[in-house]
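The chain contents come next:
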Amino acid sequence: MIQFEHITKNYSQNQSALDNISLKIASGEFVFIVGPSGAGKSTLLKLITREIMPTSGKILVDEEDILRLPESKIPALRRKIGTVFQDFKLLLNRTVFENVAVPLEVLGKRDPQVEKEVASVLEKVGLLEKAESFPAQLAGGEVQRTSIARAIVGKPKVLLADEPTADLDPKTALEVIELLERINKDDKTTLIMATHNAAIVNHFKKRVVTLKKGKIEKDEKVGSYDSD
Amino acid sequence: MTQIKKTVTLLRRSPYQALAAILAMSLTFFIASIFVVLIIGGQIILNYIEQRPQVIAFFKDDVSEAKINEVTEEVRTTGLAREVKYITKEEALAIYRERNKDEPLLLESVTADFLPASIDISVRRARDIAQITEILKGRQEVERVITPQNLVDQLVKWTKAIRLGGIIFVSTLLSISFLIIIMVIGMRIALRREEISIMSLVGATKWYIARPFFTEGIIYGIIGTTIATFLIYSLLLFYSPNIAQFLGPIQVFPIHPVFFIYLWLGQALAASFIGMAGAAIALYRYLKIH
Chain A
80 MIQFEHITKN
90 YSQNQSALDN
100 ISLKIASGEF
110 VFIVGPSGAG
120 KSTLLKLITR
130 EIMPTSGKIL
140 VDEEDILRLP
150 ESKIPALRRK
160 IGTVFQDFKL
170 LLNRTVFENV
180 AVPLEVLGKR
190 DPQVEKEVAS
200 VLEKVGLLEK
210 AESFPAQLAG
220 GEVQRTSIAR
230 AIVGKPKVLL
240 ADEPTADLDP
250 KTALEVIELL
260 ERINKDDKTT
270 LIMATHNAAI
280 VNHFKKRVVT
290 LKKGKIEKDE
300 KVGSYDSD
Chain B
5 MTQIKKTVTL
15 LRRSPYQALA
25 AILAMSLTFF
35 IASIFVVLII
45 GGQIILNYIE
55 QRPQVIAFFK
65 DDVSEAKINE
75 VTEEVRTTGL
85 AREVKYITKE
95 EALAIYRERN
105 KDEPLLLESV
115 TADFLPASID
125 ISVRRARDIA
135 QITEILKGRQ
145 EVERVITPQN
155 LVDQLVKWTK
165 AIRLGGIIFV
175 STLLSISFLI
185 IIMVIGMRIA
195 LRREEISIMS
205 LVGATKWYIA
215 RPFFTEGIIY
225 GIIGTTIATF
235 LIYSLLLFYS
245 PNIAQFLGPI
255 QVFPIHPVFF
265 IYLWLGQALA
275 ASFIGMAGAA
285 IALYRYLKIH
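If you read the protein sequences in the order shown, they are chains A and B. Residues in the first sequence are numbered from 80 upward in steps of one, following the numbering used here. Residues in the second sequence are numbered from 5 upward in steps of one, following the numbering used here.
None of these hints come from the bench; they were simulated from the model. These numbers were taken from a predicted model, which means no experiment stands behind them. Heads up, a few of these hints could be off.
Derived pair list, reagent style DSS-like, types lysine-lysine, alpha-carbon separation capped at 25 Å [to be verified]:
| # | chain 1 | residue 1 | chain 2 | residue 2 |
| --- | --- | --- | --- | --- |
| 1 | B | Lys210 | A | Lys168 |
| 2 | B | Lys210 | A | Lys236 |
| 3 | A | Lys159 | A | Lys236 |
Starting from the given sequences, assemble the full structure and let the hints guide the process.
So, in structure tokens, the structure goes:
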């Protein structure tokens with residue numbers, strides 16, 4: 080599904096965020112990308128959505144070399160990939176419903192269809208009764224669940240989650256990851272989650288790719304993470 | 005949400021910027037309308053004058069009809085005259101009587117012999133009056149030539165000046181409107197930077213993101229020209245009795261409503277183009293999507 084071949088990303092001459100990384104993620108997998116701050120986790124995710132370009136190497140998504148994609152094809156690539164951000168990136172002047180509807184509006188879907196699909200996703204993440212609330216009126220976990228709903232409403236093949244539990248308390252964090260796991264299982268969505276939350280990683284017993292100073296330190300099928 | 009609805013929501017969020025852009029457009033196209041009306045009005049007046057006999061040549065008393073016909077033919081062969089009309093002494097008397105029918109004193113003792121025969125000439129173009137006058141003055145049979153050359157010259161001069169002034173003034177206003185639209189849409193892009201970035205991350209195409217700004221530019225243009233057309237219509241309606249009285253026999257009023265529809269359509273088209281071009285520049289300048 081996703082393949083990194085000898086990816087290097089240098090932000091400057093002396094600073095290498097990723098250093099000759101090769102990695103394969105199969106369709107439907109749930110992978111934790113772990114490592115301390117600055118290890119290159121977010122860089123790895125941003126490369127998949129072509130938010131940034133690598134210095135060298137090749138990235139295949141669905142067997143397509145995304146680095147060769149013309150700029151006009153990037154929106155289509157991003158529609159295949161849902162993203163959950165650490166800072167949620169919700170539109171504060173729009174309701175939960177309107178935020179979740181954005182990816183469907185982008186696809187040009189008609190209002191009745193948008194209403195139906197948004198309602199279904201909000202029910203799935205347990206936010207149907209908050210549909211008309213604004214982000215400022217929600218609790219932290221609800222905000223992140225809105226962000227997840229927006230990421231999955233377009234039925235993406237891949238879901239990227241960049242530190243989705245960073246600003247949440249442990250109980251809410253666990254609920255959010257359980258929700259992501261359910262999406263991974265039910266919809267067969269490939270899930271790649273960058274985190275440095277050791278408790279979460281160790282609790283779910285999934286594949287763990289550990290990054291350190293831009294290199295893959297460990298890649299375990301059922302891994303764990305020791306943040307110390 | 006439809007595109008228009010989305011754009012109207014955007015306009016409502018920062019109404020003062022929208023108002024500034026609409027007012028700039030209204031003012032620009034109101035002034036443009038005034039110049040259009042002045043230029044068309046000037047042309048109507050010029051056409052009216054051109055259709056009148058602009059050169060009248062009076063013949064000496066003893067000139068034979070054959071000689072008059074010869075002069076008439078010479079004027080015709082130049083190809084500059086649209087119409088050459090021979091007025092005999094008797095016809096001149098009839099005209100004199102008609103004009104002075106209310107003043108019997110002036111009619112007493114006036115016979116056809118008192119009045120000279122003449123030819124009335126209408127030219128095709130006002131600028132040819134001088135050449136025809138020269139030809140007629142060169143003929144010994146002609147006693148006197150009268151022309152409204154000065155009036156026509158003045159009118160042609162004024163029409164040209166209004167046209168030139170209009171182009172310069174309206175171009176300046178158009179540039180100002182254009183810059184205001186770039187500024188207003190640029191500010192709106194800056195205000196929505198976060199939203200635009202999120203839209204881009206969830207897979208919105210550049211066109212999807214840019215579309216509301218283009219619609220916004222077009223809306224400014226259409227509202228602005230609608231206000232401008234309404235203002236010029238009201239202004240002309242209000243002042244038409246005064247203008248009609250001033251122009252006397254020159255028929256300018258009533259202006260056909262279709263004229264205002266064409267004026268609005270033409271201006272709305274031009275304004276929409278300016279709005280879109282302004283939006284395009286603002287988007288090129290301020291919208292950097294990664």
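Going through the hints against the structure:
1. The hinted pair formed by Lys210 (chain B) and Lys168 (chain A) meets the criterion: a straight-line CA distance of about 19 Å does not exceed 25 Å.
2. Taking the CA atoms of Lys210 (chain B) and Lys236 (chain A), the gap is about 23 Å. The hint holds against a cut of 25 Å.
3. The hinted pair formed by Lys159 (chain A) and Lys236 (chain A) meets the criterion: a straight-line CA distance of about 6 Å does not exceed 25 Å.
Hint violations for this structure: none, all hints satisfied.
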